[in-house]
Amino acid sequence: MRNRTLITLAAATALPLLGLPASALAQDAPTTSQPYFEHMVDQSRALGLERIGLRLDAIAALDAPIDDELAEIGEFDPDFARFGGTLTMIDETLADQLLEVLEAVEEVVEEGEDASDLVAAARDLLARAYDAVIPAETRESAAFKGAVMTDLLLGEPGVAEGFEEQVEEPAGFALGWAALQRVKALWGEVADAATEQRRADAENLIATLEAVYPEAEPPEDFTGNPEEAESPSQLLVGILEEVTRADLYPGRDLGVLAGQLAAAIAPGCDAYAAGQDEIGDEVIYAAAYQYESQLGDTLGLFDPEANERVEGLLSQLVTVGDDDDDDEAAAGDDDDAPAPASDDDDDDDDDDNAVAAGDPAEVCTALIGAFTEARGVFGG
Amino acid sequence: MTKRSLGRAGAAALSLALATAMVPSALAQETGYRLYVSNEYSADISVIDPATDEVIETIPISERPGEVRPRGLGVSPDGSVVYISVSDFNTQLQSPEDQIIGIDVRTNDIVTAFHAGGNPERLAVSTDGTEIWASLEATAQVGGYHVDTGVQFAGLRVGVEAEGVAVSPDGQWVYVTAEATHSVSVIDRVNRMVVKHLLVGNRPRVVQFSPDGTRAYVSAEIGGTISVIDTSTHTVINTINLGLDARPVEIAVDPDGSRLFVAGGGTSAIYVIDTATDAVTNVIREQVGRRPWGVAISPDGERVYTANGLSDSITVIDTNCLCVVDSIAGGRGPHSVVVGLVPDAQ
Chain D
559 MRNRTLITLA AATALPLLGL PASALAQDAP TTSQPYFEHM VDQSRALGLE RIGLRLDAIA
619 ALDAPIDDEL AEIGEFDPDF ARFGGTLTMI DETLADQLLE VLEAVEEVVE EGEDASDLVA
679 AARDLLARAY DAVIPAETRE SAAFKGAVMT DLLLGEPGVA EGFEEQVEEP AGFALGWAAL
739 QRVKALWGEV ADAATEQRRA DAENLIATLE AVYPEAEPPE DFTGNPEEAE SPSQLLVGIL
799 EEVTRADLYP GRDLGVLAGQ LAAAIAPGCD AYAAGQDEIG DEVIYAAAYQ YESQLGDTLG
859 LFDPEANERV EGLLSQLVTV GDDDDDDEAA AGDDDDAPAP ASDDDDDDDD DDNAVAAGDP
919 AEVCTALIGA FTEARGVFGG
Chain B
52 MTKRSLGRAG AAALSLALAT AMVPSALAQE TGYRLYVSNE YSADISVIDP ATDEVIETIP
112 ISERPGEVRP RGLGVSPDGS VVYISVSDFN TQLQSPEDQI IGIDVRTNDI VTAFHAGGNP
172 ERLAVSTDGT EIWASLEATA QVGGYHVDTG VQFAGLRVGV EAEGVAVSPD GQWVYVTAEA
232 THSVSVIDRV NRMVVKHLLV GNRPRVVQFS PDGTRAYVSA EIGGTISVID TSTHTVINTI
292 NLGLDARPVE IAVDPDGSRL FVAGGGTSAI YVIDTATDAV TNVIREQVGR RPWGVAISPD
352 GERVYTANGL SDSITVIDTN CLCVVDSIAG GRGPHSVVVG LVPDAQ
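Taken in sequence, the protein lines are chains D and B.
This note's numbering numbers the first residue of the first sequence as 559 and each following residue consecutively.
This note's numbering numbers the first residue of the second sequence as 52 and each following residue consecutively.
Quick caveat, the hints were computed from the structure, so don't treat them as lab data.
Computed from a predicted model, the values in this text were never measured in an experiment.
Be aware that one or more of the hints could be misleading.
Partner residues are not named here, just some residues of chain B that face chain D (Cβ under 10 angstroms, in silico) [claimed, not checked]:
| hint | residue |
| --- | --- |
| 1 | E91 |
| 2 | E212 |
| 3 | S283 |
| 4 | G317 |
The beta-carbon is built from N, C-alpha and C at its ideal position, and this holds for glycine as well.
Sequences and hints are given; from them, build the entire structure.
As C-alpha cells, this is what we get:
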C-alpha cells in the first residue's frame, strides 16, 4: 500500500508563507466583474433564451414520438416571459414569429410527430432574438458567458439539477444533457483565457459530466447518486470564475445581494407605472431568480416573516416557486422544534406589513421595501 | 488486509480474517490508534494501521454500494467506538438504511446500528458519550439519539441542507452548519432547543471546536473561508480567507489547539492556520491526493491524514516538516477520516 517514492520527497513540500497577510495567501481568481449585479436583467433574459434553446436541442436529440413523461420539454411560455416584452418592443414581428413557431413545436411534440423542421426554424428565430435582446457588448463579454454557463450548470433546469431531478422528472435529464452541450460550446469561447492547468482541469470536469450524461435519453431505471453532476459542476464554476474574471456566486454577501435586488427592481417599478407590465415582469423575474436561488432559504431561517413578505409580493407579480421541495424542507415537519430565540420576535406585526394584491407598481414599490428590510437582516 | 462480508462468512474467509487481524492488532498497539476512512462509493470503511500506513481491514457498510453511502464519522470520547452516518444517495428517499452505525475499534466489529431517518450526513458524539447528534440533510434538522438505545430524543429545525455537527468540549452546545442557508445553528444541548442561527461563509460544510472550547471554526466551501466563532457569544469574530478556489471542507485541530489543518478540496491542498493569529502560514500542495475532503490528526499531533475523494487515497503528512510522507490506497471515494483509539494500548 505504501508509496515509497513519496518518502524521498519529504523535504520542502510546503509553501512557507509566514509573514504574509491572509489576502496575499489566497489564490483568488482576480474577479473584476459582477455580471449578476451589473447585468442582472440581461442575464435573466439570456436565461430565458438559453432555456428555450435547451428545450429545442433536447427535442431535436430525442426520437419522435417523445415519451409523455418528457412532454414538458416543449413548454416554452415561462421562459419566453423572461424576455418577450423587450423583444416585442424591439421587433414585434420577430417576437410574434418566434412565439408562433414555439407554439407549433409544442403542438407537434404533443402529437408525437417529428418536429425537426420546426425546431430548425425556431433556432434561427431564437438566434435573432438573442442578438436583438442582449446588447452585443454584453453578450460577447467573458463575464456574461461565465454567468450563462453558471446558470446552465447550477440553475434549473441545468446540468446538476437536471441529473438530480431525473428520478421524479425525467425531462430534467434531457434538459441537463442539453445544458451540458451548450456549456461545452460556450467553454470553447472562453477557454483561451485559461492557464494550461485550468484548461486541463475544466476539460477533465467536462469529460466527467459527459460520462454522467452519455445521451439525451434518460436512463430507464436510475439508482445511482442523484448528486453525481453537482460536484463537477461546482468545481467547473470555480474555474470559470478564474477564467472569466467574474464573481459567479452573487450570494457570497447576502446583505449586498439584498441591496442590489432593491436597487435593480426600481426600473421595473417604473415600467409598471408606465403601463409596460411585460417589461416590469422581466425585471421581477430576474430578481425572483436571484432571490430564490441565493437568498430566500436563508432569509426564511433568519426572519421567516420577512421571507414570507418577499415571496408574497413576488408571487403577486410573476409566477414563482415552481419547485417547493426546499420550502418543505425548510419548514420542517416537527412540531416539537422550538423557534430560535430572537430579540424582535413578534407575531403581531404580520398584518401591518401585508400588502394587498393590486396595482403592480405599488406591489413593486413594496417589494423594494421588503428587499431593503432583508438587507438589514444580514447587516448590509 | 481483511475484507469482511456483510453476510455469513465462510470458514475459510473467517480463518483468514482472524489470522490477518492478529498482526495489525499488535502493530496498532505500537501507536495506540487506528484510522477509519469512510468510502462513499464502495460503501465500506477502510481501517488503517498508522504504524505501517496499510489498510488492515475493510468493513462493508451496505450491500448496495453506489446507492448507499457512509459519510460523516465521529468517535466516542474514549476513542473506542467509531460512529458512521449512513444514508441513501437519493436524499429524498426515506431508506431503511438511513442509520448510525458503531464500530468497536478493538475488534472492528459493528456493535451498534440504529435508524436515523432524514439522510444523516455527519454526526458528533457528546462529551459524556451518551448522545449522538446527527445532521439530517433531507429534513433540515439535527437529530439527537441516545447511544445506548438508539432512540431519537430530539429533532430540531436548523438550516436547509444541514451538514456539519460538533458538540462543544463542555457539552453545553451543539453547532450545526447548513449548506443552503449559509448558517450555523446553535443548540442548547441540555434544554434541547435552538438558541440562535448565525450567518457564516457561503456553503458551510464542517464545524470544529478548539480544545478549550472558546472558539469554533467553520469551513465555507463556496466562500473559500474559515469563520472563527467566539463561543461565549456565538458570534463570528473573524473570517480567514483561503481563496475562492480552495473549497475547504473538513478541519482538524491540533491537540494543543495551536494550528488548524483544513482540507482544500478545490485545490487539492491542505491549509495550515495559526490559531493565535488566524493567519494561513503554509499551504501543503505537493503530493497531496486529489480533492481532499476529510482530514484528521493523530493524538500526538505528529501526523495529519487526508481522505482524497478523487484519487481514492489517504495522504499522510508529517506536521513537523509539513510535508507529505506517504500515500495509502483507499476504497472508492474516501469522504472522511477519524482516529479511533485502541483501548489496551492507552
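Consistency of the hints with the structure:
Look at B/E91: its Cβ gets to within about 8 angstroms of chain D, closer than 10 angstroms, so that hint holds up. The restraint placing B/E212 at the interface with chain D holds, with a minimum CB-CB distance near 8 angstroms, inside the 10 angstroms limit. A cut of 10 angstroms between beta carbons decides the hint on B/S283: the least distance to chain D is about 16 angstroms, and the hint is violated. Proximity of B/G317 to chain D holds as hinted, the smallest CB-CB distance being about 6 angstroms (cut-off 10 angstroms).
The structure does not agree with numbered hint 3 stated previously, though it agrees with all others.
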